[in-house]
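Asker: Fit chain B to the given chain A structure using the hints.
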Amino acid sequence: GAVVSQHPSWVICKSGTSVKIECRSLDFQATTMFWYRQFPKQSLMLMATSNEGSKATYEQGVEKDKFLINHASLTLSTLTVTSAHPEDSSFYICSGLGAAGNTDTQYFGPGTRLTVL
Amino acid sequence: SQQGEEDPQALSIQEGENATMNCSYKTSINNLQWYRQNSGRGLVHLILIRSNEREKHSGRLRVTLDTSKKSSSLLITASRAADTASYFCATAPSSNDYKLSFGAGTTVTVRA
Numbered sequence: 079g080a081v082v083s084q085h086p087s088w089v090i091c092k093s094g095t096s097v098k099i100e101c102r103s104l105d106f107q108a109t110t111m112f113w114y115r116q117f118p119k120q121s122l123m124l125m126a127t128s129n130e131g132s133k134a135t136y137e138q139g140v141e142k143d144k145f146l147i148n149h150a151s152l153t154l155s156t157l158t159v160t161s162a163h164p165e166d167s168s169f170y171i172c173s174g175l176g177a178a179g180n181t182d183t184q185y186f187g188p189g190t191r192l193t194v195l
Numbered sequence: 004s005q006q007g008e009e010d011p012q013a014l015s016i017q018e019g020e021n022a023t024m025n026c027s028y029k030t031s032i033n034n035l036q037w038y039r040q041n042s043g044r045g046l047v048h049l050i051l052i053r054s055n056e057r058e059k060h061s062g063r064l065r066v067t068l069d070t071s072k073k074s075s076s077l078l079i080t081a082s083r084a085a086d087t088a089s090y091f092c093a094t095a096p097s098s099n100d101y102k103l104s105f106g107a108g109t110t111v112t113v114r115a
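Protein chains in written order, with my numbering: chain A, 79 to 195; chain B, 4 to 115.
So here's chain A without its partners, still in its complex pose:
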């Protein structure tokens, strides 16, 4: 099946620093990538949708200046959490859309656990 990777798998940072998370589709070209966050024992909440070469579309309540998304190629999207604070600690998961034969199925990465001290 289609494979999506994320890097890093976990990161601990100090309050006020910025953290970049990479999402890569390894064996397909993801025309669209999605970023979600998940708090412990809760469901996934969509943060933003990114299409290659265009600006990301953010969901209501998500600060675009805080969560910078760049979708520079059909296989790479990055999420940068700027000036991170403890309340940004969460599990961030990306997904890619566009795998051949399953164009309407999102394939998810393994997630990145962010802990802000």
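Honestly, the hints are just simulated from the structure, not real lab data.
We put the beta carbon where it would ideally sit given N, CA and C, even for glycine.
Each hint should be verified, as a subset may be incorrect.
[Unchecked claim] Quick look at which bits of chain B chain A covers, simulated, 3 or more residues with Cβ under 8 angstroms:
hint, stretch
1, 38 to 44
2, 47 to 54
3, 94 to 105
Answerer: This is chain B only, laid out in the frame that chain A set:
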């Protein structure tokens, strides 16, 4: 935003038994998908059922969809310890809108 609700929230069964979980949603959909998430991991796509389909099978999984009741069920037959995970339903609103709205999830524990 979250549109689906799942029940039960948690389910504990013996290995070999069947596990059934339900998902209800509020608005019309193009398709409904089920995902599995092992603790602290990403999501694994299990099955997609379209709005014009009523039932779909994949191995030990059986999914039904009742659009009149806006509900779906996932049945795992002959459960195994490896099926222990959280299961989420997710709905896609239309054929050209791929954003998924996830349900709250059902945590399944299969006892050996």
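Asker: Take the stretch 94 to 105 of chain B, compare each residue's beta carbon with every beta carbon of chain A, and decide whether three or more fall closer than 8 angstroms.
Answerer: holds (count 7)
Asker: Using a Cβ cutoff of 8 angstroms, are there at least 3 residues of the stretch 38 to 44 of chain B near chain A, or does the coverage claim fail?
Answerer: Our answer is that it holds, as 3 residues pass the Cβ test (under 8 angstroms) against chain A, meeting three.
Asker: Establish whether the coverage given for the stretch 47 to 54 of chain B by chain A is satisfied; the threshold is a Cβ-Cβ distance below 8 angstroms, and no fewer than three residues must meet it.
Answerer: holds (count 3)
Going down the numbered hints, you'll see the structure goes against none, and every one checks out.
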